[in-house]
Each structure stands twice: as C-alpha cells, then as structure tokens.
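Trainee: Each chain, letter by letter, is given below.
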Amino acid sequence: MSRNFYPELVRVDALDKVRGATKFGTDNRPDNLVHGAFAVATIGKGRVISIDTAAAEALPGVVSVITHRNTTSLKPAQFLMGGGFAFQTHSPLLTDHVAYRGQPIALVLAETLEVAIDATAVLQVSYEEQPFAATIDNPLAEPIAQAEAPMRYPLEDISVGDAPAAYEGGAVKVDSTFTMERQFQNPMELIGTVAAWEGDRLTIHEGTQNAGGCKFGVADQLGINPDNVTVISPFIGGGFGQKNSMQSQLVLAAFASRELGRPVKIVVPRRQLFHDATSRPATRQRVRLAANRDGRLVGALYDVDAQTSKLDFFPAEHADTAARFYGYPAFKSFTRLIRTDIPTPGYMRAPFEHATAFAIESAMDELAYKLDMDPIELRLRNDTAVDVVSGLPHSSRHVAECLRRGAETFGWSRRDPTPRSMFAPNGDLIGMGVAIGLYSGSGGPTRARITARRDGAVSLNVGVHEMGQGVLTAITNVVSKRLGIPASAITATVGVTSGVPQPLTAGSWGSASAVPATEAACDALMKALAEAGVDISASLPLGEMVARTGAGQMQVEASSVAPGQELQVLGRTDTGRVAPAGPVYPGFVAFSYAAHFVEVHVEGSTGRIRVPRVVSMFDCGRVLSPRTARSQAIGGVVWGIGGTLREGAETDARYGGVMNGDIAEYLIPVNADIGSIEPGFIDEPDFQVNRSGVKGLGEVVMAGVAPAIINAVYHATGIRVRDLPLRLEALLKPQA
Amino acid sequence: MTMNHEKEVIADTGGLSRRDVLKGGTALGVLSVAGFGTQSLAQAAVPSLPMAFRTEVEVAFRINGAQTALALDPRSSLLDVLRDQLGLTGAKKGCDHGQCGACTVHVDGRRVAACMTLAVQVDDLDVTTIEGLAEGDVLHPMQQAFIDHDALQCGYCTPGQIMAGVACVREGHAGSPQQIREYMSGNLCRCGAYPGIVAAIEDAARVMEG
Amino acid sequence: MKRFDYARPMDLESAVATLSAGGEGTRLIAGGTTMFDLMKLDVEMPGRIVDINNLSELKTMETSGDELRLGALVRMADAAEDARLKAEFPVLSEALWKAASQQLRNMASLGGNLLQRTRCAYFRHGAPFACNKRNPGSGCAAIGGANRSHALFGGSDACIAAYPGDFAVALIAMDALIDVAGPQGRRTIPIAELHRQPGTQPQHDATLSSEEIIVQIRIPANAVGKASTYHKIRDRESYAFAVVSSAAAVRIENGVVADARIALGGVATVPWRASRAEQALIGRRIDAQTAAEAGRIAFEGATPLSHNAFKIELGANVVSDALMIAAGRA
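Residue numbers (this note's numbering), protein chains in the order written: chain A, 1 to 736; chain B, 1 to 210; chain C, 1 to 330.
Calculated from the structure, these hints are not laboratory results.
Values in this document were obtained by computation on a predicted structure and should not be read as measured data.
Hints may contain errors.
Stated by the list, open to error - Residues from chain C that face chain A, not an exhaustive set, calculated with beta carbons under 7 Å:
#, residue
1, Met1
2, Asp5
3, Thr63
4, Ala121
5, Pro128
6, Ala130
7, Ile143
8, Gly145
9, Ala146
10, Arg236
11, Tyr239
12, Glu313
13, Asn317
Yeah, the Cβ is synthetic: ideal placement off N, Cα and C, and Gly gets one too.
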C-alpha cells in the first residue's frame, strides 16, 4: 500500500468530544429560556378544522400555544431543490393543511419541557380527513415521468445508443427488479433549535449542515434582513443529509421567541423526526443487462420508480450513477417519481447511489453466474476510461485497482464460486461477495479566511460544517503541511455565519470544496507576506514572518470554485444557495469509487446473517487526513450493513406515517452487528477535479456495500434477495 | 384469612381490580400455596402507615462529587435535570426512551440511562457524568483511548459511549472483543465508530486493570 | 406526560398501604424502564406514583439453597451475573443478559421485568390507533395491520399483542413461583398464572390487582436447570426484542430424556409453555431428529397472521436449536 501523502493527525476536536465539552446546538441554554413542544396530526391527510387550546393554556407553566391561526405574518418555506432553503415547500403550522400523519399542528411554549409536552396532549383538535397514499404501491399514489415533471432543475432520462435493441440482441441477459423501503438518517443528535433575539438581531443555535441556508431561509420566512441573523453550528451530532436544509421547527422557534421576547428551545423528539423530516425514498428498480458470452456488456435498460411527496418533486438521480458503472455501449433509463402523502424525501448518505448500486451490482452478480465468470473479472472487462453519457474521459478512475487490491487483501482467490459450497466450523454457510460503488466527484464555491499572528498562532475560518467527517482535522492538516506549522498552532472554525459564508455541506463536496479554498488562503497569506516585504523563501517561522511586517497579525481571505464555474457563483453561496458542480465538468467527468468485499455467515436454521469481515478499497483522490478518512470509511460500511440488513420503514396503509418510528423498532446497527472492517485507499490525487486532488469520500464509502452483502448471501445460500431490508424471513421462504 | 369483599378498587390498565381477582378462581386458589417466606399473613396484615404523596419533591444527591439539592417536578428525568437545571450537557438526548445510550451516566457507579431515570430516584445517590470522569486535566484512560483509536466521529454519542465503556470494564465485561461488542450494544453510534470503540475499550481495560 | 404525585415508602407494608391509599390511578414504579417509558408515551397516565426502590427487603438474592429466591427489586444485571444462575441455570442468566442493554438491565427490576408491557406499536403510540389493551373497546388495529411482531399463540379477536419479555419465558420453563403482597396479605402464584391471555379483556396483562406488589421469585433448584439455554433470535445481534426465542432445558438419564422444558417467547400473548413438545421428548434420545420433531410440535396450533407466518418454520428451528444447545450441556 502506498504511503499517505498527508500525515496521521489526531482528530483535532477529539479532546473536547471525549470530555463532553463540545457544545452542540441544543446544549445551549440561555437565561429565561422557554421550552417548545409540538402536537402532531393524527390523521393521514386533511385539514385542521379547529384546535381548542383552552385546556393547554390553563396548565400552570404554559406560556403560549401557537397554531396556524397565529402565524399569518410568516412566509411559507421554499423547497431546497425548488430554489429555497427548506427540506420541503410545506410549512407546518402556517396553514390548516395536514399533508401527512405526524405533521406538527401546534407548538406549545412552556416554562419547562415537562409542561410543554404535557400540554400538547390536552389540545382538542378536530379534522377534516382526506384519502391518502403513504406508500408507492398504493392505488392513490401518483406516478409521473420525471422528465415531464415541472421541476426547477429538470432531469432528463439518459439514452445512449439503441439500448432496447442491444438488449434484445444480447447473448446472455438478466432482468431483475429490486425494491427498497424508505430509510431514515437518524443522526444521534436530534434536530432542534435554540433561538434568541437581542433587539432585532436573531441568534440561532442549531446543528445544521447548512448554516447559510438556515440564515437566509429563516430571514425570508420572518421577513427580516438576513444580516441580522447569525446561525451557529460549529459541531453537528451527525447529519447524514437530514440536516442539510431548513427544518420545520426553525422558523417557529424564531417566531415564538420574537413573540414572547424570550429565548426558545425546541428539540424535536425522535418519533417526530420519522414523521416531519426527510428520508431516503422508497424505490423500485428494474435492471436489464445484456452481455456477450465473453462478458462484455452490450446494453442496459434501467427503470426507476422513486418515491416523492405530493408537495415537491424530490429529484431522483439514480440513473446518473447507474450509467457510470460500466462502459455500456448502449444505455437507457426511465425514471418515474411516485407522489405520495409523506414529507418530501431528501438526501440520506449515498442518497441514490446506495439503491442504484444495490440494483446494478446485484444484477451484475446474476450476470456473472449466468456467464460462469468470476464477478471481478466481469467487472474488469466492462471498466471504462470514458463516460458513456457525455463521451468525456474520466478524470481519474481507479476502480479496477480498487478491485485488484481489495481482492488480494480479502483473499478472494480462496472463494469457491459455487453457492452453498463453503462452511464455517459451526456449520454456518459462508458467502463471499463483491461489488463496486461510485459517487459524483463534486465541488463548489467556498471561501476561507486565515489569520496569522506574530506569536505563531493561526486561525482558520472556512465555509464548511464539521459533522463528524473530520473536516476540521483535514483542513488543519492541510494548513499545517502547507505553512509548515504544527497543527497545535492552528484553530479552525466552521459552521458559524458571522465569519465567511457557510454553504451547505453535503454531497461529498465538503472537503473537495473547503480544502482547495483553504489552500488558496494559505497561498494568499504567503503572497501577502511577500507583498509586505517579507522574504518568504528564508524558511522563517510563520510568526516571525508576520512580526517582520510590523503588524500584530495578518488576515487574508481566498475562495475557490469548481472547474468550469465562474467566480460569480460565489454570490450564490454568499446568499445561502446551493451551487455545487459535478460530476460533468468541461472536458472530463469525475467520480469517486469503492470496491467492497464482504464475507457473510448464514445460520441455516434461522437465516441469521452475520458480517464478520469486510474489506473495502477506495479511490477518493488524495487522502487528506488518514485517520479520520479511515473512520469515515468504516462508518460508511456500517451504514451499508444497516441499510441492507436492518433498516426500512414499516407503514400501515390505513394510517400513513411510520409504524416503527423509533430507534428501538427502526433498527440501526449496534456494536454486536459489526465485525472486522478493513478500509484501504488508493490515495492517487486527481488534480483535474481541484487543485488539492480531492474527490469526495463520505458517501462512496457506503455505495456498493448492499450488493456486496446480497451477492455474498447468494453465494452462501443460493437465494437471490431483491428486496431490502433483508430480514430473517427472506431466507426462510421456500426457494423459487 | 379475611378479605374485604366490600372494597372495590378500579383497575387501571396494568392489572386486575381486586374484584376481578376475587372473581377469578385461579387467583384465590393459589393463596394456599405453602412455603411463602417466614412472615405469617397475620403479620403481613399489620397496618402500616402510607407515605404522603408529594407534588414537588426535594432531592439531594452528589453530582460529580459535589452535593446538590433540588426541588423537582417528579416527572423530570435525570437527563433533563442534568442538562437543563445543572448545566451538565455532556449527557445527550438521542431518543428519550432508553433506546440509544447517549444519556449514559453512572449512578452509584453503575451505568444507567439517564433519560429513563426519574430524577427523584437518585435521591441520596452518587451521580457521575462525563464531566466528572477526568481528574482535572488528566483524562481518564478511557477518554485517552477513545482519542488514540479515533473511536468517535461526530462526538454526540461519545460521552455515553465512554461512560458505558468505563462501566463495561469495571463490570468485568471487557474480556474479549466479542464480549465488549455485546456489552456495548446499548450505545448506538450512527457514525459507525464501533470497531474503534471496541479497540479503545480493550486498550483502556489494560490500563484500568493495570 | 401527565403530572403525578410521588411517594417513596421505606418498607413493604408501607408501600402496600401507600398504594391502597393512593386509590385509582396509582401505579408502582421500580426500575422505570417500562413505566416511565409508557408514561412518556401517555400510554400509562398515573396520577400518583409509588416508588418502591427503597424496599430493601425486596433486594435480596438467595441462591444457595434448594430454592432460588430472587427479590423483586434485584436488578436484571445482578441476577444475570449470579454465579449459581450462570452455572446451574444458564437459561435464566441468558434470558437476563440477552434482554435490553446493560444500562437498562442495571435499572430494571426482576419484578418489573415480568410485568413488562407489549411492544405492539398500535398500543404504544396512542392516537389514532385502535387498541383494546390501551383503550378498551376501541378495537385492534394490529389485526390486519403491521403484525410481524405479533402473537401466533394466545391471541383473541380483541388483541394479538405479543408478550415481549425474556426472563418470564425462562421462568415458566423452570416452574417458578411468584410471591405477592397486597392489602389482604401475601399469596403465591405459579408463574404460569401470572400473565393473562387477552381474551375479551386485553387491558389486563396480569392477574395481579392494582394494589399488589411482587415480592420475590422462587425457583425450585432441581437438576433440570443445568442443561438449559435461552436461545433468542433477533433482527439484530443485540439490543432487540425476540423475533422468536426459546427457553429449553433437559434432564438426561441413561441417555434418554427424563425431563424436558420448552417455552417460547416473542410469539405468544403470554410466556408460552410448549408442554406437548416436552412430552414428546420424554424417554427418547435427543438428536437432530427428535429435536426438530419437538420444534414442529411446539408450533402446532399456531395461528399465523398476515406478516408472521415465517415464524412457524423459524420458531420450530429455534426450539430445535435450543434443545441441541441444552442437551450439549447435559
């Protein structure tokens, strides 16, 4: 394995985190605080006719009850992918409309949390009910071809060559349909807000991946100047996409605080997060692959049904990933959005790529068996240096290397490909599976500011959010190496809108945007020192160089944009908008890659599946922080295990909402579920995608784990599972 | 034996009313089962004074070694009291129903879920939170091991993991990676830092048992 | 959560008196892991709470004699660690440590655990769901609903909610006795008579009155505990309720089964003893074939629901596996 370019740096925020000293958003408790709690709708859809708040208001300690009748001064939220800042267009408590069960319909403010919660239970609510569809197979669900949906950022189907004809003419074919239930991000930190006013200035403490969007979004809804809003989100207790836009409670906390003249805290309970926040939409995917006898793909057809709400068209980008797995001579996709009565779905780690890889890479495994070919060999034969969609070259694509190195580390050669041929000493069936995954190599406009003091201390302020991925450590490592100063001299601050603008951190573009901006700021600092007459080639300590300028400190700001972006695009992120680029850039296409090797043990009598061992190899460009990258990679594999064997919504069509809406019943992996996970990195920089050579990591680490598990289960049992989550009963059903 | 057949107690949802029990032959039938302890029924029937019910409850306990006294709404969870009244925000709320372990603290040295503990129940007991684990600036070996093994990412579950990890070692449940995994399964980590957590606890156990 | 008044008696007699004095809407709390949870969900809405955690006479554990006596306030974690339970009654120890998490086991009392209420989502999550257990007469939404985790045994037209606990399943296999104190004195109930099948009154989980307190659990210390296990299959490897579980114990004499105990968890409205399957093993050797046969018999008469028919095959296999594990300890 190659030696890392960047040194192993201890996570810079670990010391505070192990002492419980890190302050997350709702850890803040200003004086004179009022606590808020929501009452939620018990109907699947309809309208609130009346809410009798008298009993609630009579409870000692209740300060106020807010319903749609009190909120007429607020503007509705706008959907993130509709040009706004919020996870959906619909704003609970701003109208009498109930779009889904579990939607907030009233907010109780009280002196204590206990009283606030109590009071929500004594509201008397009457509704007008309407028929609804909570799942994609419901007759009242409304399918629409995505290409024809009136979306702000339209998505076309992909068509390369004559794929239907190519498929028909193929020698060996696979035609399989895969389903996946809705999944929920469930970051451990609950979504919540502490809002406080000082005069006309609003301060928001909230764990969000998008402090800038929250700033501009809440200002818009309140009708105030965004300059008067500060959003503070220096640490996020996990986001995984659920916190990437403005949530329902934010504007209501700010509004209530303004009305009451007191700070307000709302922490949204776990159950309510299953009902009034985003989720990974349910999908139904049909994959048709055709190949020659030598394993070369001749054509692929890919149909996707993806759940959305009746409120917004949540874009389904599955096909954009599917088309990049291999060098298909012909490829055609058809995507439908299935409109249902749920909160608008959103981005959840590897939002489309998890589902897409499951379908494409399961189908590839089926094809390998039909061809009687090693699945790694099949993948290598269909690797490509050129993007079949755009015709452009891939800037870097080391997926073949991931497969080769991973196979060696894993010991793939020990695998007997015959299903049900390998056994553990205890009699469990052993299965070994492989799959690849990919994720767009994105980037976007970002600003960074460096302040160097004559005592040698450096403070760094960058437009990005620390949600556990380790970006503080990465940018500290980069500055340390670039300026030749110890990491301990650097203090990095992110996620606070009073500094440089804080654009959405998501889509694996965080480091790929923040690090180039940080490097640019380092260069700007050296340039400024030179311009001040300091000999920067003299290898003086940084503090000494600053001292020689005669000033106490030197501050510079720099920015970076993605390839092909104009500098003006910075104006978008400066106003809280989303402006990422990729994977298609002028002249090239960029993706990150993964190859996962999974060993499963299946207990024959019960169908219990254990995953004792995973080896994963990643091509994410330059590895900026080996230690945190490794942790992120392990975490992504854990997500893949959960997203395959554990996680899925259970819905009762009669009621809507989610039946298993807590984390005792919606199962995410526990420690005992996880065995050995061994990540490795190619660590080859991609200097086309950005000056730092960085491609994203946080999402690709999960992409492809699902099919690697499913393929291993097939190898172990001879049973091909096409519906997730895979539970015990899937392997107990009589074999088809 | 005598029973008051006149008395009628309305059952709540969890049990039968006295009347239901009396109507049920089975329940009456087993009253004669022998071998019950040492007390006679007559002794047991000696009336004892009921305790008064209180709307607000005075509670005194030690928090990280310091004595504290509070008058509490008996509904308050230990977690909310720690976070909202005592300003100890290291213990986190991740579910409020004992499902995630982010609120793990020690009560009399045992790990518990603070969200499922009525604060009034720690009266006269010792409560230790993550804020009380280090000796001044000297980290507890478990804290150091979590840093060394990068056994965290977002850090939200970390205080609970560390408090659980310390207890796991003290209980004698850190004997093997497999045992650690089992006895740490009450602490969810959504970032998926489990392998690091297991390695950290193995390491810290060696130091703690030194 | 509704406001409640709180009392903390210091001895058993006072606790019984306090419970009586509290009258309607008075509930006990011990570890709180069920009660506090359900109060937060507004499923339990007591106006008064009697905290029995200071009753020291309920905290003793006597495991040395010919009868194991476990006080009702002994915490699950402590009982799980008892040396004699581990060595001579692995079924009991395993049922305890395979439940919940160590944090909750440190809190939960044995008595409270026996009375743990169902995890049926329609029961736990209030409006708008019909639930005869929570709201008598409102109906049962689980019948025809999401019922993967509901009962194949012991259900009625009014309720199919599964009993979720583990320890009681192990205790029923061990013929435990439950000592109870109330205003009229004390009585003893065989564990098999502690829980109620729902019938037409699913609101009543147990045969205790609202004024009674479990004092201790007694387990005959006979030889059948030694070769035993609690085999629990879950949707994840730990910290989850049973999809299917089986307590199994055998006493082998001269190579054949002299005594067999089989009980089922996760699949019935109460801890479920599979007596016919036990009988089928008496006088026979335990091998893969007889164990499998016992498993099949244990699930005869099961009434599958729309989402849990797989548990008939799974459950039979779990019983079979449990018997083989138990026999391996003989």
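Trainee: For every hint, state whether the structure bears it out.
Mentor: Checked hints:
1. The beta carbon of C/Met1 comes within 6 Å of a beta carbon in chain A, closer than 7 Å, and the hint placing it at the interface holds.
2. Because the smallest distance between the Cβ of C/Asp5 and any Cβ of chain A comes to about 14 Å, over 7 Å, the interface hint for this residue is violated.
3. With 7 Å as the threshold, the beta carbon of C/Thr63 stays out of range of chain A, its nearest partner Cβ sitting at about 28 Å, so the hint is violated.
4. Taking 7 Å as the C-beta cut-off, the interface hint given for C/Ala121 holds, the closest approach to chain A being about 5 Å.
5. A least Cβ separation of about 4 Å between C/Pro128 and chain A falls short of the 7 Å threshold, and the interface hint therefore holds.
6. Violation of the interface hint for C/Ala130 is found here, the shortest Cβ-Cβ separation to chain A being roughly 10 Å, above the 7 Å cut-off.
7. Restraint check, C/Ile143 versus chain A: the minimum CB separation of about 12 Å is more than 7 Å; hint violated.
8. With its C-beta approaching chain A no nearer than about 5 Å, C/Gly145 sits inside the 7 Å limit, and its interface hint holds.
9. Evaluation of the C/Ala146 hint against chain A yields a held restraint, the C-beta minimum of about 5 Å falling below 7 Å.
10. The beta carbon of C/Arg236 is positioned within 7 Å of a beta carbon in chain A (closest approach about 5 Å), and the interface hint is therefore held.
11. Taking 7 Å as the C-beta cut-off, the interface hint given for C/Tyr239 holds, the closest approach to chain A being about 5 Å.
12. Nearest Cβ of chain A to the Cβ of C/Glu313: about 5 Å, under the 7 Å cut. The hint holds.
13. Here the hint on C/Asn317 is kept, as its CB sits about 4 Å from the closest CB of chain A, short of 7 Å.
This entry does not satisfy hints 2, 3, 6 and 7, going by the numbered hints stated previously.
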